[in-house]
Amino acid sequence: MGRYLFKTILAVIPTLFGVVTIVFFLIHLTPGDPALAILGPHATADSIRELRLSLDLDQPLYLQYFKFMRNLMQGDMGRSLVTGQPVLLETLRPLPYTIQLAVAGVLISLILGIPIGVVSAVRRNTFLDYFMRAASISGISIPVFFLAILILWVFSYHLGWFPIIGVGDTTNWRSLLHHLILPASAIGISMAVLIMRLTRSCMLEVLSQDYVRTARAKGLAEKSVILSHALKNALLPIVTVVGLYMGQLLGGAILTETVFARMGVGKLLMDAIFARDYPQVQGTVLIFACAVIFVNLTVDIIYRFLDPRIKL
Amino acid sequence: MKNLEILKQKRKRGIGKVIFRFLKQNPLALFGAVVIVISILTAVLVPFLPLHDPLHQNLPNRLKPPSAEHLFGTDNFGRDVLSRVVWGGRVSLLVGIFSVAIGSLIGVTLGVISGFFGKLVDTVIMRITDILLSFPALLLAMAICAALGSNLYNVIIAISIVTVPRFSRLVRGTTLSIKEADFIEAARALGQSRWKIIVFHVLPNTFSPILVLATLWIPQAIITEASLSFLGLGIMPPTPTWGSIINEGKSYLMNAPWISISSGVVIILAVMAFNFVGDAVRDAFDPRLKGEREVGRG
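Each protein sequence line maps, in turn, to chains A and B.
If you're matching positions, the first sequence starts at 0 in numbering that gives the first Met the number 0 and goes up one per residue.
If you're matching positions, the second sequence starts at 0 in numbering that gives the first Met the number 0 and goes up one per residue.
Keep in mind the hints are simulated off the structure, nothing from the lab.
Do not take every clue at face value.
To be verified - The calculated DMTMM-like cross-link candidates involving lysine to aspartate or glutamate, where the alpha carbons are at most 25 Å apart (straight line), are:
no. : chain 1 : residue 1 : chain 2 : residue 2
1   : B       : K23       : A       : D128
2   : A       : K6        : B       : D121
3   : B       : K249      : A       : D270
4   : A       : K231      : A       : E221
5   : B       : K249      : B       : D181
6   : A       : K222      : A       : D128
7   : A       : K231      : A       : D299
8   : B       : K63       : B       : D52
9   : A       : K6        : B       : D52
10  : B       : K195      : B       : D181
Claimed, not checked - A few chain B residues that don't get close to chain A, going by computed Cβ distances all over 10 Å:
no. : residue
11  : I14
12  : A32
13  : L44
14  : A145
15  : H200
16  : F229
17  : F275
To be verified - Covered stretches of chain B, as calculated for chain A (at least 3 residues, CB under 8 Å):
no. : region
18  : 102-112
19  : 160-173
20  : 213-226
21  : 257-267
Built from N, CA and C at the ideal position, the CB exists for glycine as well.
Isolated chain A (complex conformation) (with noise of 0.2 Å):
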């Protein structure tokens, strides 16, 4: 067991590294010179010069890179263009917003997702089950920002159910509740709809299995032999699929932060874009990327602890 998390652990180290260096490569090599791109047209010679020695772009590109690994093993990022603070700092502010966001959209996607996909496999090819797939078929073709402004517009504007923009009152549970109904809606209906396709197909794999029909042999009921029979083996791959679904998640969760004007790390990259602060934009996107590879990491072991068929 040590020895397979001391490997696995291991290699994605050199992901890391290479996901760390494709991302200072992209922002240091923007076409241009970033100091005139970040100060605009009318910027002073002295404006761009002491702009350019603070950020170090007088040096050589792979000194500024040794500078920056350096740096950033000692958890380092630089600082933010526009408020002055450290990146690190900056992006760890509204974390807990998106983290939320993320949460609640797994939670309702799983909570949509497993039992509809249950039911459609149980009652395969009723016109139920044809039902549901034209549904989940039509929902991978609806692209997530545009469920979220569908959903904004029904249940905000014309119903004024909820609130349109931004995550509530931080102090008050019940209002940050309620701002993060409908976004993470948006997220969770979108995955859903995955979920449901999976569910449905691990469904039908396991319900013809040998298992199943000994259970059934038996005399179990039926309830009995979906649920704690069939639905417990197939929830395994649905748990690794959920952690490969962590890159389209947070992919979602910016553009539903777009729609919401959500306080969120989303937001926060999209704004650091426009404000051309490169190096909150570099920042930003490798915590992002890292994140997702920390998630798949953490499902790969979760997976090998729940399958005890996979000899550790």
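With chain A's structure known, arrange chain B on it following the hints.
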């Protein structure tokens, strides 16, 4: 299985007849194909269609609801939304199809080289592939657009880069399994060069999974382009694209919902059409690819 039988008849019949029979057996794919053909024809012929100028502003006529004169209404500058959506489709489809074409070309080349030659080349290419795959697709495209600047070419470059690792990983796997086949051994025994073997024996056999992945990636590329334009990182206004029309309409949801909604519905239709065709092609060619879209969506 039925689909496979039909496709197997390819050698006996003309390709046109095979496609026709395939579509006849799959009503959803037929619907999808019809929608795709209509959208592509519209996109190509749009300069000749009797539409308003998508950029012509008419401020007294702003935010007018759909009418006989303006079927999809007008936007905040009094521009005709229908013609903006149609012209936007030209850009969105172009980006979707071209970026998948470029990305798959590079990805396939890298994948074949990686799988066929193995060793150090394989390790290097697959390492880079893994790293690129660990980025969320939208985030990588956003970062590339933010760094290169927003215009049509950079959006195509960004989405192509996101597409490359998906194809190289798939083709590497297929190449590895084909490499061991007897007919490759035979070609080698006949003294054919390695590049000849790759071009004439390996590549034709990787064609069907590539086709499947490409049909399923075009809708992803369209969604990614729409997302980038929606965020304001894609193609810049006033050029209309589906995503940017939704973005512009977002501020007028209360009194002019038709701006965002007409464009959104068109995106859904187009993406759905490609998905229907992609699903049918996948079922016909390679049922093993079933999970590919789920994982690749981003």
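| Looking at the structure, which of the earlier hints fail to hold? | 5, 9, 14, 16, 17, 18 and 19
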